[in-house]
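Below are the chains, spelled out letter by letter.
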Amino acid sequence: MRRLFTTLALVFLTAPILSGTVLLKGGLVHSGNGGTATVQDILISENIIVDVGNNLIIDGNTRVIEVNGLPVTPGLISPMSNLGIVEINALDVTRDDESDLLSAGFSIFNAFNPHSTGIPWNRSNGITSAISTPSASSFPIFGLGSHFVLDGSLEIKGAKDIAMFGRLGSSYGSRAETLSLLESLLEIGELAKNKPVEEILEMTIADKLELQAQDIIALGKVINDDMPFVIETNRAVDILQALAMKEKYDLNLVLASVEEAPMVLTKLQESNTPVIIDPMDNIPNSFDELGSSLDLGRILDQAGIPIMFSTQRSHNYHLMRQGSGNAVAHGMSYETAIKGMTQTVAQTFNLDNRGSIEPGKLADIIVWDGDPLEPASFPKIVMIEGQLQDLSSRSSKLTERYTNTENKPSSYKH
Amino acid sequence: MNNKVLLLLLLFSIIGCSEGFNVDLPFGGSESETTNLEIDNAFASTYTPMNSEPMLFKSANIYDGLGGEFLNYDLLLSGGKIIEVGESITAPGVMAIDATDKWITPGIIDIHSHMGVYSAPGVSTSSDGNEATSPVTAEVWAEHSLWTQDPQFALALKGGVTAFHVLPGSANLFGGRGATFKNVSQNTVQAMKFPGAPHSLKMACGENPKRVYGNRRQAPSTRMGNMAGYRSAWIEAVEYTDGMNKKKSDRKPTRDLAMDTLMGVLNGEILIQNHCYRAEEMAMMIELSKEFNYKITAFHHAVEAYKIADLLADEGICAALWADWWGFKHEAYDMVQANVAIIDQARNGTGCAIVHSDDAVGIQHLNQEAAKAMAAGNRAGFEISRAHAMRWITSNPAKAAGILDQTGSIEVGKDADIVLWTGNPFSVYSRAEKVLIDGALAFDMNNPKIQPITDFDLGIIKPQENRVQ
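Chains A and B, in that order, are what the protein sequence lines are. Numbering follows my numbering, in which position 152 of the first sequence is assigned residue number 154; successive positions increment by one, without gaps. Numbering follows my numbering, in which position 18 of the second sequence is assigned residue number 602; successive positions increment by one, without gaps.
Derived from the structure by calculation, the hints contain no laboratory data. A couple of the hints might just be wrong.
[Unchecked claim] Only part of the chain A face toward chain B is listed, based on derived beta-carbon distances under 8 Å: (1) ALA92; (2) HIS117; (3) ASP283; (4) GLY333; (5) TYR404.
[To be verified] Here are the computed lysine to aspartate or glutamate pairs in the EDC-like style, where the Cα-Cα straight-line distance is at most 20 Å: (6) A:LYS399 x B:GLU915; (7) B:LYS1033 x A:ASP297; (8) A:LYS399 x B:ASP918.
[Stated by the list, open to error] A short list of chain B residues far from chain A (calculated; beta carbon distances all over 12 Å): (9) GLU637; (10) ASN645; (11) LEU655; (12) THR732; (13) GLY986.
Even for Gly, the Cβ is constructed at its ideal location relative to N, Cα and C.
Chain B on its own, in the form it takes in the complex (with noise of 0.2 Å):
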């Protein structure tokens, strides 16, 4: 891939690409009186979990997202849900599949995914993920944009991801709502999405929105134009919010879909995922959550996390970082590949770090990353497991996502989320052999009748085959 096609490629999945189309948004039509709790059933999950049998797993090596390794354990599964974790299980009648030098984890998680907003081929047409008209487009839910049918879910899907959050792109202060997808194939967005996952909402610092409006010759065109643009959105956010808590209808202010969302962060229903790269920036977003007086809940890229990673502990923000993606831009300049591993040893190891992709490669290969991320650690002084490292792409994003009560571990009760890989999931030659989505086989490196094809895959290059074998 050439130079500056690759730069524009990095730019539109980093940025996303700013020439949106300009769409009357279907501003408050009605003046209706709804509650909050009706406001978060619009667009609800209609996911039901796909068939599944019992299943059960024997001698396998297990890490369990938590930290734990286990080997040489058997793993039970019935009914959608982990049944039991331990070293001999016997269970009657229930297909046994034998995991001799395999290796169990949950799913792989990715906070940080454009799958179904920057769908494949990223044409102009596809090109769903920013809607770069105006700074502040809280109003808007990534959701809306997403295409059932992008191959890149498929691709992931092999590469173990059960889970992903799907967030609009960087190029505005307030970018707009993110929502969590189980990696099923269906063909609407409602049967995809995670029940009980709370929205997010995406912010952006820096120099994206900076450029895309500083180029318009409007506001923000600098970094203080960016805290300006979210201080005046959240001042009306707070009369709104204060508005809508009234106790006589007539009184609550005109239903507003952008301040629904800012609404739902002050009321902590809606976490922040805020992309910054830089260290004094995110400070200053911290500072800003507490003018507000809301919570971040994670930032992304944050390739300077590592300077203020005690400050991130000490607030319990989450950081959702690439292993070693830098120079694309200048506030992408100061990467330490042991940025990962700082922000997870912090204050005595109670940082909370992630691996993230922002890319339809990367996602497939989050594994690799945390692979990469953890022998850096492990290079500068640290000593991280394995077993540890693996919290970085279930636990922690499943954490950062609001679903870890369902998922993002190998615990009893919980969703039967589950990859089988064919070795050490930290070693590059291991692949996904079994990804198993609520106990229901999702796809099967064996078995060519597992392997989820889009319809985008039909006959597109031969019309006698599928675009993947």
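If we strip away everything but chain A, and leave its shape as in the complex, we get (with noise of 0.2 Å):
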């Protein structure tokens, strides 16, 4: 129990916003990039890395923070969550990730909750800023997902709307169906660039779709301006009908879930399509991902795919670390596991000042009490835009209620 007494301490006690400067010294630092990590010191700003380097030249005003060669890595930075967004799953009014009226223009930014208890537990938990998305429904596409800062603050920090979210495979219908209208739903995103959209919301298509004005400007983007579209399918025949599509409709295409990517591996490889994995998704779920494996991850790092990690686990976006880990268990390249938490996420999402530790960067910093993939191993410092946060959670006051009597309300001593 003291252990944990003296871990709060240290963060209340570092808690308060920092300014100035601050040294992160002689950590084993995962830059992000993909290279191999060297013991190096970090020295940071205000929010911004400004170098990374040995023997760094600091001031007085300095605050020197002994990192003694623990792992560093970049904020981890999920790339498909609810977080903010989802409170309780099967609780409908906690729910802000679905919507009757809108589909391709379905925007979640603004019921972004900074105070959901998710926030806390996976900050907590080495994530530093995470892509909300809506959820999926029975249209191909259900809308577009924001990127928040989870610092837990009013002042709602990130970038509103950067991707589009659908999917294709089994459902409802057939599968034909789907395709057909996704393609329907495109061709309306060619029309937007030359034509207004309360032009395009008087034709016979846009009312049978039953699309609003959100839809079509959203659809505009994907076509016109080079927004993400995230498309989760599994079927290797569908993987190459969305391939053709991003082929055809010059889409900036990112393939989520591909469990059988592992067929179609060269026609992947020439489109330069990023990927959204979960590793330890091993099990053939639906007749549409037979092929899964946990050998995915290897075989598309072999590929030189850029590769993102989702978890299948509600709740605990942080639980990619454990996915990534048994990715690399399996083949994949430890350098591109944390890659793939990090620079990937924000090189595939236009997040330009954050996913590295370089200079010039914005310092969304984990120091980590160990191997940050392997599962049993948790943050001991993040830091979000150069301030350090507070570690502790809603979780992290039920463990300190119930494991010191002193703590416990006399009712609930036994």
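With the hints as a guide, bring both chains together as one complex.
Below, the structure written as structure tokens:
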């Protein structure tokens, strides 16, 4: 118990707003760019990393934090989460991830709740920012995801509507129908290039598909503004269909899940399409993903395909660490795993000032108590935009209450 | 995986599908005057161990599953049993395997699985885990749903799982009987059944039963409705048991499958595995067990078990837990990662903690789940060793399944259910290299011939190939 209090005391001492410069000294720095980790110092001024190296020159006002060789990574970025928009999955009144009115243009941005309990929990586990997305609907496109900084502030930091999300595969009707519906929607995006939204809204097709102005604007962004379009799909032939669509419409395509990707590896490679995978999901959950296996990460990595990670465990987006660790156990390179939780996400979704420990980037940094890919490891320091974060969560408060008799209200003492 | 799909899957795996088929159950067709012994022998195990050769592991590091750690030890197996554990064993003519720098543990055991009853692919035709047609279905047996060709069994084997307990889902107050299986490839259920393992009865508290039946405007729709449902069934079971104990056969009641199961619990032959999340509900279930004089073996999921850790230790009830699942429903909101550790350490370390999966992915990595739970416990101020934490996925689940006298630890005379790991099993990088069941090699990561392929896996993607290589 004593140890917990020491840790907490440390956090409370360090939690107040830092200003000026900070030196994280002597950490084993995984920069997130795919390179090998080396022991380096990181100099942070206000919210920015200003220098990375050895024997950095600092002035007397610089606060030095000894890292003593512990692993240091960029703050992890979840590429697909429900953080801040779903509190309890089975309680509809706590969910803001679905829309009856909108489809492609459904933005969850304004629903984001920075006080959601999942935020401190995932932050204390090393996630410093996340893309939150709408949830799957019967329509093949379910809306727009936004990027959020997980500092809990009511002044929402992040980037609104940065990518569109959809899926292709078995559904209520034929996948052939889904495909043709997807094409129709992308055609509407094409129309938006030259026609005003009001005019498209008048068209029969827009009426038939029950599209709203927001939907049309969003589809236009995917077609004309290079907005990333994330399609979740698994079956080999569906992946090929998605790649064909990418080619036809010049999409900035990202594929998610892709459990049968090894069967269409060359095409995927040629198309230069990044993927989001759950490396632990080797269950043939449906007839779309019969090729599911733990080798997925290794095969994609060896083909040089940019990889990011999702996890099936709701509320525990940090478990992508365990997922990527398992991918490494099955042959993915360690550096790809770290990069996949940091820089690859930033690059794919145009989060230009994050995702790596390099001068000029925002100081989203984690110091770990052990190998970050080991599920048993845990952050010692979480820094978001240069600010040290309190590592407590509702969960840590409950732990404190129930592991120390003195903390328990008298009625709780057994 | 998308979130709504994910939620559906989560609910599916935790609650199971509530849309079961309406099957007319062949209730009590006979009016035979069978004794309990005959009842229990129905559908008995026909399991026979695979052929095995004596085997000697040299210079292994061993966790015995009881808290012991033995570095650089030898382990001799023969006739399907553990023969000797020692510092330097010689056994002329016996196949020796160099296990230097590797680790050996007992076979991993999962006390909460739905493999075979919620098989992969998870399609409606394989949704066989919840007889959600009535809140009390103590008459159904999970083993009667089991699909022997579920590809999930072989995946779990690669994760070191040698035995698992399959439970019905949690849609019902009484979901039916669970059974324990050896993780062997067989095409009859009885041939997989763990010989001599007792049945369990799955009970469920809280949100699931009240939601499933409340949505149909029938009882139970509240937690108090849940309690009334349990009590009514137990009242009937007590009467039934008294009747069955009558000497004159014409005084005995007509045989009833549901009542047989409940009577088995009252007689101490069937173990209660109770899905229950909240602290006060678990305490309530303990009161219920005292009202009707039966024993609860384990609470499952038990996200709030840490709140009543002392009570559970005092009552000798195990808690089978996830390392970190939470938030998918309201009763799973108060998660602490130290839950397993707090249970374990209760009353001077007399608590019975189990790490379970309830999940076809999780079951493959129970060693990692235990690692997370141990680390969280140690961060919370406990001092739990890896050797000790190994109990959570070996001897403790064996105890809760009623098979600890046969498996779950590395002790002389026990079944040679063994995993050889490439490295320390608490590391994410370690993999099960060899898995032995009753001394026979069931899986070898380096030998494709000793990697089970189910019928399902054959030629299903390409006719020339198996689904998994």
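Evaluated hints:
no. : hint                 : result
1   : ALA92                : holds, 4 Å
2   : HIS117               : violated, 15 Å
3   : ASP283               : holds, 6 Å
4   : GLY333               : violated, 11 Å
5   : TYR404               : holds, 5 Å
6   : A:LYS399 x B:GLU915  : holds, 18 Å
7   : B:LYS1033 x A:ASP297 : holds, 19 Å
8   : A:LYS399 x B:ASP918  : holds, 10 Å
9   : GLU637               : holds, 29 Å
10  : ASN645               : holds, 18 Å
11  : LEU655               : holds, 20 Å
12  : THR732               : holds, 16 Å
13  : GLY986               : holds, 28 Å
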